[in-house]
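Keeping their order, the protein sequence lines are chains L and P.
In terms of our numbering, the first sequence opens at residue 1 and continues consecutively.
In terms of our numbering, the second sequence opens at residue 428 and continues consecutively.
Misleading hints may appear alongside valid ones.
What the hints assert, rightly or not - The following label-pair restraints were derived from C-beta to C-beta distances:
1) A375(L) / K719(P): 41 to 49 Å
2) E400(L) / F634(P): 48 to 56 Å
3) A180(L) / E687(P): 55 to 63 Å
4) Q353(L) / T688(P): 52 to 60 Å
5) A225(L) / T688(P): 32 to 40 Å
Derived by calculation from the structure, the hints in this document are not laboratory data.
Note that beta-carbon positions come from the ideal geometry of N, C-alpha and C, so glycine has one too.
The primary structure of each chain is shown beneath.
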Amino acid sequence: MNALDLQAETTSDAGVLRFITAGSVDDGKSTLIGRLLFDAKGLLRDQVAALSKSRGAKSAQDSELDLALVTDGLESEREQGITIDVAYRYFATPRRTFVIADAPGHEQYTRNMVTAASNAEVAVILIDASRIAGKGLKAQTRRHATIAKLMGLKIIVAINKMDLTGWSRAVYDEIRDGFARVARTLGIEDPIYVPIAAVHGDNVTRPSPHTPWYEGPPLLEILEAIDATRRNDGVVRFPVQRVLRMADGVRAYAGRLESGVVRAGDEVLAMPSGQQAVVQSIRTFDGALKSAIAGQSISIVLDRDLDLGRGDTLTSLEARAAKGLVADLCWLDEQPWEKGRRYLLKQGTRTTQALIDGIVFVREMTELSEVGEAAGLKLNDVASVRIKMRDPVLADLYGERPATGAFVLIDPVSNQTAAAGMIREAA
Amino acid sequence: MSLTHLQRLEAESIHIMREVVAEAERPVMLYSVGKDSSVMLHLAAKAFYPSRPPFPLLHVDTTWKFKAMYEMRDRMSKEIGADLLVYKNPEALAQNINPFDHGSSLHTDIWKTQGLKQALDHYGFDVAFGGARRDEEKSRAKERIFSFRNAAHRWDPKDQRPELWRLYNARKHKGESIRVFPISNWTELDIWQYIHLENIPIVPLYFSAPRPVVNRDGTLIMVDDERMRLNPGETPEVKSVRFRTLGCYPLTGAVESTAETLPQIIQEMLLTSTSERQGRKIDHDQAASMEKKKQEGYF
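Please construct the entire structure, taking both the sequences and the accompanying hints into account.
Shown next as structure tokens:
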């Protein structure tokens, strides 16, 4: 077997799936990841040995392993028995390659969950069945579901610790119905439900003998099969990162093609100015390309000198700019927002001054109602707001074009990333 | 048509490097001469083609690297045409700090951690590229691609800046710095496959060959020069070995192997049952060893 065959075998491109585990504290997120990695042979011998070493155990028997320690890699996490920040783990099955981000459950660390969600396609939301029966979902479960929905993730609800309920179908149904109400309120389409016991592996990588009433596949099979590819409608978005001077003296615009397909000879707009040009060539280290597709880092040479720079975006002819937006925000900064504070808005490679002009509503996390008369935004708030910018930005909607429909707000005084933003309409 | 896994990783790394160059005042690339550094250097050549990478390479030298690494370093910096800065902590030189008299922790702290901090301050670099990967070690699995350091170069793992989508916020106050890891999301297997596909030169120590080694508590240490101190009664044996990672030779364990080509290395990797850092003595001092070193400023 040569290495190319090996590559085909190990990174078969059914597409890499990036998913997060979300949910409230102690619902078993880190344990689930430990179980997936352990059963999928994603852990190596010395790493398994460290799991038992951390607890002072001598033997590396499966049952004695503290699976959560696979991802709780910080000393303070092991001391406190909680997850503080996202851990990224990589594993592959014969069908798919996975990148898992283990997100923290504590409300205090929600911004780390938002970080993880922003680069994932699927959220596995865990719910501890043993503690929830008869009581309704926890606020943090609703918060994570809200964020996952806003960020456009597909949602799998893993109802965990089913062993502690005696594998009660009634408990499972109650939780599933409870989440279905949340899904309807938030507009989450077709969440997938699976009853599991992560600590023992039931319905994680293999079907459980305890759930004859569950007809679906185990979680890993769901993850292997889920279609998370985004439709490529061909609409070009190419934020210019930097200008490169080619050997023949011409200017080339270096960037990553965020969406669409670009070919030599295509007409493009330079946004936000709206000037037109034609793509003369696409250059890379590996030679000139006839065309490039979303995801590629390339350099584009135009047929005329438009004097573009960082912050401009080359687009196909469907593009408009706006100086006002309605957007959803996840507030990530300890410094709350009050009227009048100025921020920097970064979209693609463009940074401009921005002002939150008004709050449309803040999402309250008990009933998931929309509270209209909020005066400010504080850490972990999820809100819909109106934003005004000094300079126009691309008016791309997050739901259609996430790469350019997303932005961050940066506090220019503290330099902190204050909010994650998703454009919903141009205003 | 869609990109392969490696094409996506390559494009992501190039994007990150270009973002840094656009937003940093004085970037530098840490060059350790290992396989990850070799991949990073290759990606830098692609990111800024046809220009040379617009930053120098910095090798924080401990004077205890394998001879073959020094040869590779000098050859590669010439080939790429990059400026190579070699920094050796003058205090470590003056005190002749070494792994035998001072132990792995002190040796690594003074030469590498303190050396790196001194070098960054000395040259005034505000952003340093490092070739760390998240699959290497569990505290690295927690780290952002843009990892902030305060003026004392400390990492605060409990208060990392959010990192949304590909919208990196590289703003910082004077005196603060950023370590950027463009190959964070690559795995060891990705690295080997990419080296193979792109024909990237690497230090020959990664390939199996007969080499003189001694067995120290189950770790095979190569006798790379006359400074190696042998214990009474200890004689080097010639074994067919190779290295999965490269560091200071007295602190880097070899593995017995017959893999002499990249496809053989990749095949061996797929069958392996231990992680690559198992051969790194400096990782095993205590459970949270890497995290501690990182908090102190280790890259």
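Check each numbered hint against the structure and report the violated ones by number, ascending. none
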